[in-house]
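When you get a sec, could you build the whole thing from the sequences and use the hints?
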Amino acid sequence: MTTIRFVRPRTAFSYCRTAYRASKTVSCARLYRSYEHDEPPPFNEAESSILAAALSHVPSHGFSSTSITHGARDAGYLDASTNLFPRGPFDLINYHLVTQRLALKDRIQFPDQKLGVGAKVRLLALQRLRANKPIISRWQEVIYPIFTPLTSLLPICCVQICSTRPKR
Amino acid sequence: MTLPPNIAPSLRELASLSDEIWFLAGDTSVDTSWYTKRATLSAIYSSAEIFMTTDTSTDFTETEHFLDRRLEEARVVGTTMGNMGQWVGFTAMGFLNVLRSKGARI
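Heads up: the protein sequence lines correspond to chains A and B, in order.
Counting in our numbering, the first sequence runs from 855 upward without gaps.
Counting in our numbering, the second sequence runs from 261 upward without gaps.
Hints are supplied without guarantee of correctness; some may be wrong.
What the hints assert, rightly or not - Just the calculated beta-carbon pair ranges, DEER-fashion:
#1 L977/A to N357/B: 44 to 52 Å
#2 P895/A to S307/B: 29 to 37 Å
#3 S317/B to L977/A: 13 to 21 Å
#4 A934/A to S317/B: 37 to 45 Å
#5 S910/A to T292/B: 38 to 46 Å
#6 P940/A to A352/B: 52 to 60 Å
#7 H891/A to L356/B: 46 to 54 Å
#8 A299/B to P988/A: 26 to 34 Å
#9 S289/B to A906/A: 34 to 42 Å
Said to hold, decoys possible - Take a look, some chain B residues computed to stay more than 12 Å from chain A by CB distance:
#10 F283
#11 S289
#12 T313
#13 G342
#14 V348
#15 G349
#16 A352
#17 G354
#18 L356
#19 V358
#20 L359
#21 R360
#22 S361
#23 G363
What the hints assert, rightly or not - Far from chain A by the CB rule (all over 10 Å, computed), these chain B residues:
#24 T296
#25 M312
#26 T340
#27 M341
#28 G345
#29 N357
Hint data in this document are derived by calculation from the structure and do not stem from the laboratory.
Keep in mind that this is a model prediction, so the values were computed, not measured.
Just so it is clear, CB atoms sit at the ideal spot from N, CA and C, and this is done for glycine as well.
Structure below.
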């Protein structure tokens, strides 16, 4: 009896062949995910140790170069190691996003098959949201500035709508 | 994250997260719903994340309810669009058959 393995397709949009290949995140040499071969780790040892230590400083210093500098000191590297991260604070944000996404697989398991797909999606999304808990106090600074560049493009009424907090 | 050179990688990460969640939940669709499911989940997740930044309830229960409401809305809209599509299809075929019965060569 043959078992059919479902090969996960990546998105239809391939960013691999653009300038984003220069980014140090997940190597996108292939456009699918394999069951047999694991993906290479997205960050090398130095980067992951510095950024992991920097995440512990985020509640006090936010997603900034200061956190990365403190993280480099904690990990035992020189302060100049921040040159490893040309995108600065965004590398720290990206590290948080990537590690939390990859940790989903290990954190949540579904041993019994009684839950439907919708219920599983809900649990996984909740788990990922809860993983933001340590840094949620600083996440607002990361997300909300998206409204600032748009004020020059949108009419004033849309700005008013966008600037009110979600009620529900 | 919202500086112009960082927007595309952020959106790519959001798409990857949405894909990961659907895969771990056991989605094996191979049609266009693969894309629509991930797009809707990306929108729902990002709105829940933004809500979570303003949530002060214990253990983020308000965020949980917010997520439940958004998922329920997505489910209802999905079934509504599916039913509407089915109705439109049946009506169009019926109209076509009426024209054929009148002698139109279609």
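Hints and how they fare:
1. For L977/A paired with N357/B, a C-beta distance near 47 Å keeps the hint of 44 to 52 Å intact.
2. Checked against the hint of 29 to 37 Å, the C-beta distance between P895/A and S307/B comes to roughly 31 Å, which is consistent with it.
3. In this structure, S317/B and L977/A meet the distance hint of 13 to 21 Å, their C-beta atoms being roughly 19 Å apart.
4. A C-beta distance of roughly 43 Å is found between A934/A and S317/B, which places it inside the suggested range of 37 to 45 Å.
5. The supplied range of 38 to 46 Å is met by S910/A and T292/B, whose beta-carbon atoms lie about 43 Å from each other.
6. Roughly 55 Å separates the CB atoms of P940/A and A352/B, a value that falls within the hinted 52 to 60 Å.
7. The hinted range of 46 to 54 Å is satisfied by H891/A and L356/B, whose Cβ atoms lie roughly 51 Å apart.
8. Taking the beta carbon of each, A299/B and P988/A are about 29 Å apart, inside 26 to 34 Å as hinted.
9. The supplied range of 34 to 42 Å is met by S289/B and A906/A, whose beta-carbon atoms lie about 35 Å from each other.
10. The non-interface label for F283/B is inconsistent with chain A: the shortest C-beta to C-beta separation is roughly 6 Å, within 12 Å.
11. Its closest Cβ contact with chain A, about 10 Å, brings S289/B to no more than 12 Å, contrary to its assignment away from the interface.
12. For T313/B, the condition that its CB be more than 12 Å from all CB atoms of chain A is violated, with the nearest at approximately 4 Å.
13. Every C-beta of chain A lies more than 12 Å from that of G342/B, the closest at about 15 Å, which supports listing it as non-interface.
14. Distance to chain A confirms V348/B as a non-interface residue, since its nearest Cβ pair spans about 26 Å, more than 12 Å.
15. Its beta-carbon lying about 25 Å from the closest one in chain A, G349/B satisfies the requirement of being farther than 12 Å from that chain.
16. Listed as a non-interface residue, A352/B keeps its Cβ farther than 12 Å from every Cβ of chain A; the least gap is roughly 29 Å.
17. Remark: the non-interface label on G354/B is consistent with the geometry, its nearest Cβ contact in chain A lying 33 Å away (cut-off 12 Å).
18. At roughly 33 Å, the least C-beta separation between L356/B and chain A is larger than 12 Å, which holds for a residue marked as non-interface.
19. With a least CB separation of 39 Å from chain A, V358/B remains clear of the 12 Å interface cut-off, as annotated.
20. Chain A leaves L359/B outside its interface by the beta-carbon criterion, the shortest separation being 38 Å against a cut-off of 12 Å.
21. With a minimum CB-CB distance of about 38 Å to chain A, R360/B clears the 12 Å threshold, and the non-interface call stands.
22. Once the 12 Å rule is applied to beta carbons, S361/B is consistent with being away from chain A; the minimum gap is 43 Å.
23. The claim that G363/B is not at the interface with chain A holds, since no C-beta of that chain comes within 12 Å of its own (minimum 45 Å).
24. Look at T296/B: its CB is around 13 Å from the nearest CB on chain A, clear of 10 Å, so calling it non-interface holds up.
25. Not every CB of chain A lies more than 10 Å from the CB of M312/B, the least distance being 6 Å, so the non-interface label is violated.
26. The beta carbon of T340/B is kept farther than 10 Å from every beta carbon of chain A, the shortest such distance being approximately 16 Å.
27. At roughly 16 Å, the least C-beta separation between M341/B and chain A is larger than 10 Å, which holds for a residue marked as non-interface.
28. No beta-carbon of chain A is positioned within 10 Å of the beta-carbon of G345/B; the least distance is around 20 Å.
29. With 10 Å as the threshold on Cβ separation, the claim that N357/B sits away from chain A holds: the shortest Cβ distance comes to roughly 37 Å.
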